[in-house]
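Please model the complete structure; the sequences and the hints are all you need to start from.
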Amino acid sequence: MNNTRPHFAPLLRSNFAHLEYASRILEQAVEALGRLPGIGRKTALRLALHLVRSKPEYNHQLVEALVKLTDEIKRCRVCHNLSDTDVCAICTQPKRDTHLLCVVEDIRDVLAIEATGQFNGRYHVLGGLISPMDGIGPAELEIDSLLARLEPEAIRELIFALGATVEGDSTAFYLFRKLPPGIEIRVTAISRGIGVGDPLEFADELSLGRSIVHRIPYENTLQR
Amino acid sequence: MSELWLSRLELTGFRSHERAEFEFVSKFNGLVGDNGLGKTNVLEAIHYLSMGKPYFGGNDRQSVREGGDFFLIKALFSRLGRDEDLELAYAPAERKQMKRNGKPLDRLADHLGVFPAVVIAPRDQELVDGPAEERRRFADQVISQSDRTYLNALTRYQQLLKQRNALLRSAQGRDPGEQLAFFDFGLAQAAEELIPLRARFCDELRPWLEAFIDRIGGGEQASMVYQPDVEGSITEVLERNRAQDVRMGYTRRGLHKDEFEWSLDGRVLRHFGSQGQQKSFLLALKLAQYALLRSKLELTPLLLLDDLFDKLDARRAGRLIELLRTEEYGQVFVTDTHPDRISALFEGMGEEARIHRLTPTPA
Ligand SMILES: [Zn+2]
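Chains as they are written, first to last, in numbering that gives the first Met the number 0: chain A, 0 to 223; chain B, 0 to 362.
One or more of the hints may lead you astray.
Said to hold, decoys possible - Among chain A residues calculated to face chain B with C-beta under 8 Å, some are:
{"#": "1", "residue": "LEU35"}
{"#": "2", "residue": "ILE38"}
{"#": "3", "residue": "GLY39"}
{"#": "4", "residue": "CYS90"}
{"#": "5", "residue": "GLY134"}
{"#": "6", "residue": "GLY136"}
{"#": "7", "residue": "PRO137"}
{"#": "8", "residue": "ASP168"}
{"#": "9", "residue": "SER169"}
{"#": "10", "residue": "TYR173"}
Since the hints were made in silico from the structure, they are not lab data. Glycine residues also receive a C-beta, built at the ideal position from the N, C-alpha and C atoms.
Below, the structure written as structure tokens:
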């Protein structure tokens with residue numbers, strides 16, 4: 000117990016508060032990097048200094064990637080997943096079961112579910128979850144476009160693969176009640192092998208795969 | 000030997016302590032020193048290790064020493080015969096982080112009940128004088144430490160309530176329609192789980208409370224009654240109040256308005272108790288909390304007695320210490336400004352007791 004310096008070394012950071020960078024250019028870079036989520040000033044400075052020392056080719060590649068990401072990335076016209084083309088690679092894949100539709104919050108969930116290899120249908124990316132605290136209501140999400148897909152695509156099963164959080168639950172509940180009356184569709188939810196309160200992205204591959212295979216009728220999730 | 004005891008504590012940048020180290024004994028530890036030397040802050044650090052948050056007031060940020068950037072609490076303790084360590088680090092820009100045996104804890108909730116502590120302090124008076132929220136928080140904390148189901152349902156209820164209120168606020172007087180349905184459904188569901196557990200808590204605590212008030216004196220019959228804000232169906236009440244909730248912009252009825260009514264000899268303590276009666280009741284209540292946690296967790300919690308003589312005169316303090324010497328109680332911490340009073344209290348205990356003097360830091 001002799002070492003009392005905590006791992007995140009706040010002692011160091013305190014010194015930066017008083018440090019002048021002596022370079023406006025460096026300062027601007029630190030500021031821009033520091034706007035990224037989870038990047039504090041100290042980390043931003045470390046990254047900036049790393050970039051200064053990097054090979055110019057590498058930095059130019061980084062700049063090019065950022066520009067493309069900004070100007071060229073699209074949303075798939077069908078599922079609203081991020082895509083390079085109008086319709087994404089998943090939606091155009093021929094071997095997919097087009098009658099099976101999995102509703103997710105964002106692209107990270109698509110990646111997570113694809114990684115399990117247990118799902119062969121298509122997706123619909125909502126672009127968030129209902130959360131009044133964050134100013135997100137149904138109008139801010141791809142909900143109308145989801146409802147509009149059901150009949151033309153002859154969807155037979157709708158799977159809610161949303162996190163086991165209040166926001167995930169409220170979104171599923173809202174969607175369920177918005178389904179056109181009389182529509183013949185099986186509505187299921189991934190089983191809650193994933194912990195209560197966990198967002199989907201934290202679930203490990205194996206348990207996520209299992210919870211997709213063993214999905215349950217949505218109504219059953221409303222009972223405790 | 001106590002089943003749970005803190006053997007070593009190191010504070011860095013915590014409240015008034017720039018740097019402090021303590022080696023404790025497994026039974027009685029007296030913390031002595033003038034006001035302002037940080038006796039209570041030592042208890043606060045121990046409470047942090049137990050609950051991950053302060054007891055005596057303020058927040059994490061305010062627990063950072065003036066002019067500092069972070070605080071660090073490190074502890075070695077013995078739990079059911081095993082040596083363990085705990086570490087809690089906080090810096091305003093980072094997340095509060097706790098490690099048990101070097102392993103970071105993902106969720107503070109997983110730690111509740113691992114290192115239980117019960118505080119008895121002058122500020123307990125808030126439990127009598129303060130709003131119902133204080134009594135609810137007391138009940139919630141005690142139940143949560145021993146019942147994970149309760150903690151999960153409570154967390155969910157609180158999140159649902161926040162979201163429902165945000166929705167009502169953002170609707171600015173218009174009915175948010177379909178969107179309310181889920182929150183009403185969810186609140187009712189969580190309340191259905193929580194209300195019986197709150198009632199059960201009262202039923203379980205009451206016999207202990209009665210026994211302790213009997214032992215301590217100050218009244219004949221102590222009681223605690225749970226008064227849920229909504230007796231019947233929450234769904235119905237939410238529906239009935241919908242228009243008003245919409246107009247006011249928040250949820251007016253529900254579990255978050257429950258009351259725990261405490262009384263002594265048939266009279267509500269808040270309105271009728273004398274100072275002396277209230278203090279006796281609070282002491283009995285805290286000892287009852289201790290007994291209940293001990294029986295649920297099968298572990299003797301730490302007992303943190305801040306300014307003991309606020310509640311008791313020397314004779315009764317002596318009797319309490321005699322009680323705490325028994326097997327049923329574990330490690331005890333007592334703070335006082337008078338070294339003589341504590342020395343007298345610990346007389347004849349030998350190795351069982353140690354007095355730690357807090358001295359001003361040399362300039
Ligand atoms: Zn697509």
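With chain B as the partner, please determine if GLY134(A) meets the hint condition of a C-beta pair closer than 8 Å.
With Cβ-Cβ at 7 Å, under 8 Å, it holds.
Using 8 Å as the Cβ threshold, decide whether ILE38(A) counts as touching chain B.
With Cβ-Cβ at 11 Å, over 8 Å, it is violated.
With 8 Å as the cut and Cβ atoms as the points, is GLY136(A) at the interface with chain B?
With Cβ-Cβ at 7 Å, under 8 Å, it holds.
Against chain B, with CB atoms and a cut of 8 Å, does the hint on PRO137(A) hold up?
7 Å, holds
Was the hint right that ASP168(A) lines chain B, CB cutoff 8 Å?
Constraint on ASP168(A) satisfied, holds at 7 Å.
Take the shortest C-beta to C-beta distance between GLY39(A) and chain B; is it under 8 Å?
Result: holds, 6 Å to nearest chain B Cβ.
Grab the minimum C-beta distance from CYS90(A) to chain B and call the hint holds if it beats 8 Å, violated otherwise.
29 Å, violated
Quick one, is the SER169(A) hint okay against chain B at 8 Å, beta carbons?
4 Å, holds
Should the hint that TYR173(A) touches chain B count as held when the rule is a Cβ pair under 8 Å?
The hint holds - TYR173(A) has a Cβ within 8 Å of chain B, the shortest such distance being about 6 Å.
With a cut-off of 8 Å on the beta carbons, see whether LEU35(A) makes it to chain B.
15 Å, violated
Figure legend: structure checked against the earlier numbered hints; hints not met, in rising order: 1, 2 and 4.
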